[in-house]
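Colleague: Letter by letter, the chains look like this.
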Amino acid sequence: MTVLELRALRFAWPGSTRRLLHIDQLQLGAGERLLLRGPSGGGKSTLLSIAAGVLVASSGEARLLGVDWRTLSAGQRDRRRADAIGVVFQQFNLLPYLSVLDNVLLAGRFSATRLQRAGPRPRETAQALLAALELEPSSWPRPAAQLSVGQQQRVAAARALFGRPSLVIADEPTSALDEARRDAFMALLLRECAAAGSALLFVSHDARLARHFERVVELDVLNQAVAA
Amino acid sequence: MKGLLMIAARSAWHRRFGLGLVVLSVALSTFLLLAVERVRQDVRLNFSQAVSGTDLIVGARTGSVQLLLYSVFRIGSATQNIRYTSVLALADDPAVAWVVPISLGDSHRGFPVVATDDGYFEHFKYGDRQPLTLMHGRQFNEVFELVLGAEVAQRLGYEIGRRVVLSHGSGEIAGTEHADKPFTVVGVLARTGTPVDRSLHISLAGMQALHIDWMAGVPLPGLAVPAERVREHDLKPKTVTAALVGLKSRPAVFAVQRRIAEYAPEPLLAVLPGVAMDELWQAVDLGERALQAMAALVALVSLAGLVAVVVTGLEQRRRELAVLRAVGAGPKRVFALLLIEGVLITAAGALLGALACTAAIAAFGPWVQAEHGVALRLQAPDVAQWIWLCAILAAGTLASLLPGWRAYRLSLADGLTPRS
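Residue numbers (this note's numbering), protein chains in the order written: chain A, 20 to 247; chain B, -11 to 408.
In short, the hints are calculated from the structure, not lab data.
All of these numbers come straight from a predicted model, not from anything done at the bench.
Backbone N, C-alpha and C define an ideal beta-carbon position, used for all residues, glycine too.
One should not assume that every hint holds.
Distance windows between CB atoms, simulated [as the list claims (entries may be wrong)]:
1) A:75 to B:282: 43 to 53 angstroms
2) B:300 to A:155: 32 to 42 angstroms
3) B:1 to A:75: 32 to 42 angstroms
4) B:-7 to A:194: 15 to 25 angstroms
5) A:194 to B:8: 34 to 44 angstroms
6) A:78 to B:-7: 40 to 50 angstroms
7) A:155 to B:8: 26 to 36 angstroms
8) A:194 to B:350: 53 to 63 angstroms
9) A:48 to B:9: 52 to 62 angstroms
10) A:29 to B:299: 30 to 40 angstroms
11) B:282 to A:194: 53 to 63 angstroms
12) B:33 to A:164: 47 to 57 angstroms
13) A:132 to B:350: 31 to 41 angstroms
14) A:164 to B:-7: 20 to 30 angstroms
Construct all of the structure, not just a fragment, from the sequences and the given hints.
Modeller: As structure tokens, this is what we get:
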């Protein structure tokens, strides 16, 4: 089953004549992991926003689980994103004033579906995820802001995976980590994505991450707006 | 909604230093609004309780408010006295039940001296027709005897038997003391919460005795009359400042008032205390409104500060908004979040202000009573104060729409990746 499908997608900012994205086709199957590699400013974040239904394509299709984002209202898109997608950013993923555990549970707060899929005892599910991502139980009640960057990224991964979303979108989540911690993070993220059955759309400028992925797509090649 | 409230509260607590200052400024303006309202009401209540059961106040022809102010509240002074014969004539009017003459002008350490007769203790009423009662001692019988108001006794620490020297006029000019004719305290009145508490009461004869060797406000040189020899003189007053009048039946009040106005021997003015009080409030109303308007403006300024702080803070919170968007909070939720935050801050400020107002009245009420004779009531907010509190909350909610709208726009524009 296809989780994400882009077809004949074009995007330009409203009022701008410069086309930022032009993608003929991109597919991501269930449980598949894809590295989308490209330089900064190459439209990566825009592409992720379209995939997550935050931005809407100017023309063409962007389907999540078979449903084109453009056919949904803004409110429906917000609900669908909360239900089906987990997101990890480069950094500052967490609400600093919530505890580590509450940050993970935040994913279920705006989506009944995610909360339901997290099982009968969501707190325990969240704790299990944190444990799987090698976060000490002693850190769970602490405010998220007190954690190191590497720990925070793992909490963000736990939140993205909470309630087993169909798709996890990661936007340069390792760029603030050193090499050793980067590899450790990648290993944990991939293992837990597999455990949750979530497809992974991973965006980075870092070619060294390619070995972790079964598919690597160069954005410059994919995006005909750059080629043209 | 409950989750949103929790997030809003935790987020606000996270920024408690900056927001605490905003809460303080809202609290201060709330305090100001509530305090102005309370003082306004209680001053009115105190004034309206100062005299009761008196149907008319009679004095020299002047403004009715002025007559009320100096005869009852000892504020300002009479430009002219009335003849004692006029008072006697008034007492002979068939509709008049009683007349209490009062003579003002002297003082003791800033407290006014009231010369009157025995009728004062019998007929003068305050509050809800409550009579004056003696806490200690008795009424004055002799020329140089003195009855203290409760506040005077307490503030100056005077007790029965104390010798007191009165000053001529308000006592501001040195060397105008009646040092040769000291009075003796024979009684202390119970507290009334009216200007009576701040007065020293002597007999009309005592007042006359004080000034027997004076003329035009200064002692007559070479004519000093020793205290022990004043009784040889005629101590009947020639003039008094004003007279309080009680009628046999109230409906006659306008007829008596007209008769007094038409009194041939000298020009007199008779006012109904309630009517004069209303005139006073009309005069004071403008000032009260100005005070209220200022307090309301201060409240608006503090709410403008709230909007400024929250909107400025939004720039640093774009990440937070992006995180909320990423976990599925729509722009409407983000809007609601900021609205809730603003309402929470306003509510906290209003609550703090109300508590501060109560605490201030508890702490400074006795001082205000002693210094200004106004009893501030320590009580739960009344209707007028609730209206102010609700107005502050409503204005705060309205003001919070702005940061809410700004956050809504930002979260729409930023999506998952804030451009900073």
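Colleague: That 43 to 53 angstroms hint for residue 75 of chain A and residue 282 of chain B (C-beta), does it hold up?
Modeller: The hint (43 to 53 angstroms, Cβ to Cβ) holds, given that residue 75 of chain A and residue 282 of chain B are roughly 51 angstroms apart.
Colleague: Are residue 300 of chain B and residue 155 of chain A spaced within 32 to 42 angstroms by their CB atoms?
Modeller: 37 angstroms, holds
Colleague: Lying within 34 to 44 angstroms: is that true of the beta-carbon distance residue 194 of chain A to residue 8 of chain B?
Modeller: Distance hint for residue 194 of chain A, residue 8 of chain B holds at roughly 36 angstroms.
Colleague: Falls inside 26 to 36 angstroms, the C-beta gap from residue 155 of chain A to residue 8 of chain B?
Modeller: 33 angstroms, holds
Colleague: The hint says 31 to 41 angstroms between residue 132 of chain A and residue 350 of chain B; measuring C-beta to C-beta, is that right?
Modeller: 55 angstroms, violated
Colleague: In this structure, is the beta-carbon distance linking residue 1 of chain B and residue 75 of chain A contained in 32 to 42 angstroms?
Modeller: Check passed, 36 angstroms falls within 32 to 42 angstroms.
Colleague: Given a hinted range of 40 to 50 angstroms, is it respected by the beta-carbon distance of residue 78 of chain A and residue -7 of chain B?
Modeller: Hint holds: Cβ distance 41 angstroms, inside 40 to 50 angstroms.
Colleague: That 20 to 30 angstroms hint for residue 164 of chain A and residue -7 of chain B (C-beta), does it hold up?
Modeller: 21 angstroms, holds
Colleague: So the hint says 53 to 63 angstroms: do the beta-carbon atoms of residue 194 of chain A and residue 350 of chain B match that?
Modeller: 59 angstroms, holds
Colleague: Cβ-Cβ distance between residue 282 of chain B and residue 194 of chain A: within 53 to 63 angstroms?
Modeller: 55 angstroms, holds
Colleague: Does the Cβ-Cβ separation between residue 33 of chain B and residue 164 of chain A fall within 47 to 57 angstroms?
Modeller: Given about 54 angstroms between the Cβ atoms, the range holds.
Colleague: Given the hint of 15 to 25 angstroms, is the C-beta distance from residue -7 of chain B to residue 194 of chain A inside that range or not?
Modeller: Because 35 angstroms falls outside the window, the suggested range is violated.
Violated hints for the displayed structure, listed by number in ascending order: 4 and 13.
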